[in-house]
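Participant: Listed here are the chains, written in short residue letters.
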Amino acid sequence: MPILMKPAALWAILAAVVLVAIYLFRRQAKEVEVSSLMFFARFRHNAEGGSRLARPQAPLVLLLEIIILSLLVVAAANPKAVTGEKLVPMVVILDDSMSMAVNEPDSPRNAAAEYLQTQVFSRPECRFTLIRTGIQPEIIGRHDMTGIEAGRVIEEWRCRAPDADLLKAIAYAGENFTEKHGVLVVSDRDHERSSDSAIRWLAFGRKLDNLAVTAASRYSTGNQDRCYFAFTSFASGSTALAAEIILPDKNEILERVTATLRPGESRRVRVMVKDQNLRVQARILNDPVAYDNEAWLLPVKPEPVSVELRSVPEFLKHNVARAISASGLATIVASAAQLIVSDGPVADLPDNVWQLVFRIASQPVAFAGNVAVDKAHPLTAGLPGVRAAWAVDQSYLPPGKPLMSVGTMPLIAVAGMPTQNISVFFNLAPDFSDLHKTVLWPTLFWNLLAWRQKYNDGPDAFNYRSGNEITLTLPEGSNKAQMLDSDGKLFDSAVAYGRQAVFTASTPGFYEIGSAARAWKIAVNLCSASESDLRHAVSFVPPHVPFPESSMQQFSEVRWWFILPALLLICLHQYLTSRRPADVFF
Amino acid sequence: MISSYKKSLDAAEIVGQKFFLNVSSRFAGQQGGSRFGQNTGNSLEFVDHREYQPGDDVRHIDWNAMARSDRLTVKLYREEVAPHLDIMIDASRSMNLRDTTKCEALFSLVALLRVVAVNAGYTVTAWLIKDRCRPVEPSAVPITEWRDADCDYSGNIGETLVRFPAVLRPSGVRILVSDLFWSHEPQAVLRSLSDNAAMLVIMQLLSERDLKPELAGNLRLVDAETREMLEIVADADILRDYQSNMTRHRDYWKKCSTRSGALFCSCVAESFLRDFIPVDLLKNEILMARSR
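Quick note, the sequences are listed as chains V and Z, same order. For the record, in the first sequence the residue sitting at position 59 is 58 according to numbering that gives the first Met the number 0, with numbers rising by one throughout. For the record, in the second sequence the residue sitting at position 285 is 284 according to numbering that gives the first Met the number 0, with numbers rising by one throughout.
These are computed hints drawn from the structure, not numbers from a lab. All values reported here derive from a predicted model rather than from experimental measurement. By construction, the Cβ of each residue, glycine as well, lies at the ideal position given by its N, Cα and C atoms. Hints may contain errors.
With the C-beta cut set under 7 Å, the calculated list includes, among others, these residues of chain Z facing chain V [claimed, not checked]:
#1 N95
#2 N217
#3 L220
#4 D222
#5 E227
#6 E230
#7 L238
#8 Y241
#9 T246
Residues of chain Z placed beyond 12 Å of chain V at every Cβ, according to the derived structure [stated by the list, open to error]:
#10 A64
#11 R97
#12 D149
#13 S206
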C-alpha cells in the first residue's frame, strides 16, 4: 500500500469537479436534427454503434478522464511503497563532546570521520541515520541516508558539547528505531557493556595527561566579589601545575598558582576582586591539551530589589530594614517598589509586584512544638534548625500554600505565581516573638529577596557551567529572546514561557543574551571533570565493521505505478474520442 | 401524414399535366407495345422505303421493289413501344427531416412524375424503399391513400437496394428519388438499378437546410436516421468542411451515374414547392412540355 509523501497534492482532485462541470455545461448544447452526420465526419467523436451506444459514451469518457486525473493526482502526491530491495539500516551515534576534538587535526573526531567514510559509508546496501550526541541526542540529516549523503552530513559533527550522554542516545535509538537497525557508537571512551548484540562500539580515543579548570564561580559579597577556581590533574602521575588568575581588562595578575598535583588531585583557589566591573580569567600555562585550560568569570551584577515598607509598625520596620540591608540584595524605596512589605494585603497589586504581609495579632497565642517546613520551596530552603518563640493570631488562616506551620496553624504561607504576583503571609506578632533575634529572620529575608531577584529582568546568573540551563526573565511586553555568540551571530533563540526564556549553555565561550532592547553578557565555562579526564580514553577500531544481518525493505518512489496506467488510459481515451474514418464516398 | 400534403400533391399533378415523359427513343428494338415510338420498328404501320443496309431484318426486304428496280430495298415500319416507369422512393427518416418540406416535396415530385408518365402513355409503379423495396399497390390510387407511405426507415437505403433489389420491369424507365444520404458504394446501387433498364434517372432531392445548414454555437447534432449525436461548436470551418464534403459526395454520385449510363439530377425541396417544376428534368429533356 503506497504512502503519500505529499498528501496536500490530493487537493488537485477537486479538478474533477471542474471536469464534471464542463461535461454538464457541454450537455446544455442546443439540439439540431440533421439529415446525416456523414458530412461532419471530421468532427465526429463517438464511435460507431448507433444511438444506443452514443449516449453512454460521454459518461464513459468522463469516467476515463476522472480516473486519469485521479491517477495523475496520486502520482503528484509522491507515493512511496515497499519494494523488493533489501537494505541494511544503521544508526550511527556520534560522540559530540569536546574530548573528541582533542589534538586537532589528529583528533579522535577526524580519525572517526575518516574511518566512517572509508569503512562504513562506502557500503551501498546500508542506509544511515546519524545521531549527534551532546547533552541531548539529536538526529542530523534525515533518516536512512545513503553513504554519500551521510558522508556530507557528517561535516555537521563538530564536537563542541560539554558532555556526551551516549546511554541516552542508545536509549533514544532503541525507542525510535526498529530492532532491525544496527547501532554503531562512535566515541573516544571505553564501550558500555551491553547484552544487545545490535550495538557496535568504535572508540578512537587516546590516553593523554591533562590539567583542567574544573570549577569557576563568582559571587558578590557587597562591595567586592569573591571568585573561586579549582584546578585538577588528570595525569597518570604527579604533575606540576602552573596557572594564573588575572584581570585581563587591566592586564593584572591577581594570583599565580604553582603546585604539584597527584593524579585526580585538585587545587582550589579563592581570590577577592575589588573592582566588581572587571572580568576575571583563570588559565593553566603548562598543559598542551588546551580546550579546558581556561575559565572566565564575568561581573556579577544583579539588579537590587526595590522594597517599600508600607504601614509597618515601627518596631517591625526597624528589623525588616536591617534584614533587607544585611542581604545586600535590595534597596528600600518610597514608591514603585518590586516588593511591598505591609501589615495587611495590598488591594490591586500591580503586575510583577510582590508583597510580604504581616498578620499582627492583637491577642496572640504562643505555640511550643516542632515546626513543619517545606524545604523545597525557595523561601524556606536552607533554613537552619534553631529555636524561636513565634506568637500567632490563632484565628487567622492565610490564603495559599503553607510553607511553615506548627500543628495545623500556618506560620508562613505563599499564594500567587512568581511571574505575576506573589503574596507571602507571615502570621507573626512581633511584640511577643523573638524571631527577629534568630538567624531565621535574615535568612528568610535573604531567601525572599533572592527569589524575587530571580524574577528581575535578565539572566539568573552571569557565569555558567556548560550544559547548565540559562533562565532569562524577559522585560515586560517581550515574549522572545535570542542568544548571540562572541562574533555576534545568532546562536540560539527561545520563546518565553510565562515571562521566562530558557537556553542551554552548551558550548564554552562568551555570549550575549537579549530581549527587546535589553542585553546581558554571560560566560560559559567547560568545567567538566568527566570531559577533561582523558585517562580513560581508549581506541577500539576493528578492521571491518560487522554489519547486522537484518535488513529492511526500502520505500521507493512508485509514481510510475500511477503514471503508466494513466498513459494507457489516455491512449484509450484518445482512441474513443478520435474521429472514425468518414462514411462518405468521395 | 401524406394527407396533410394534399394541396401540394394536387398542385403538382396540375402542373404535371403540362409535361410528358420524353424517353421513347430508349425503347428501340422492343417487340410490340401499345404506343408507337419515335423510331422505326416492327409495327404494321408502313413508314418508308430505303436501301438495304447490312444488319437490316431480311424479312423487311421488299421483293417487288427489287424486281422493279433491281435494287435491294427494305420497307420501314413504325416502332411499337410499351413504356413503363418505376419510381423508387427513398422512405428513410432523412427524407422527412424535421422543420423542412423535404417529405412534402418528395411526394409532390412523385405525383408530378406519375402524371407526366401517364401523359406519355407510360404505366407507372411506385416503390417505397425501406428495409425492402415494396411496390405501392395499386399504383394508380391517389398518393394520399397510399398505405405505409411514411418516411420512417432508419436503416441504410443503399444496402436495401443492393441486397434486396426490387423486381423491376425490364426495359423500363427508372427514377430514384432520394437525398442519397446513406453510406453505400454508389456503383453497386447504380448497377442494381440500371440492370436491364431503358433508362435510369437519379434524382437527388435536398432541402435548403441540407445544402446550407444554418448552424452556429454549441450544438448537439442528431442524425435524423440513426439518432446518433454529435456535439460541436459550429463555426465557419465546420460549415466549410460540411459544404466541401457534400459537394464531393454529390460529384462522386454524378461521376458514378455517368459511368453507369444513368442521368443525375437534383432538386431543392423548397424551390420545387414554389412552382412544382423540376428544372433539372426539363433541362435534360426528360420532361417535355406538351403542345396545346
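Participant: Now tell me, hint by hint, if it's right for this structure.
Facilitator: Structure-based check of each hint:
| no. | hint | verdict |
| --- | --- | --- |
| 1 | N95 | 10 Å, violated |
| 2 | N217 | 5 Å, holds |
| 3 | L220 | 5 Å, holds |
| 4 | D222 | 5 Å, holds |
| 5 | E227 | 5 Å, holds |
| 6 | E230 | 5 Å, holds |
| 7 | L238 | 10 Å, violated |
| 8 | Y241 | 5 Å, holds |
| 9 | T246 | 9 Å, violated |
| 10 | A64 | 57 Å, holds |
| 11 | R97 | 5 Å, violated |
| 12 | D149 | 16 Å, holds |
| 13 | S206 | 8 Å, violated |
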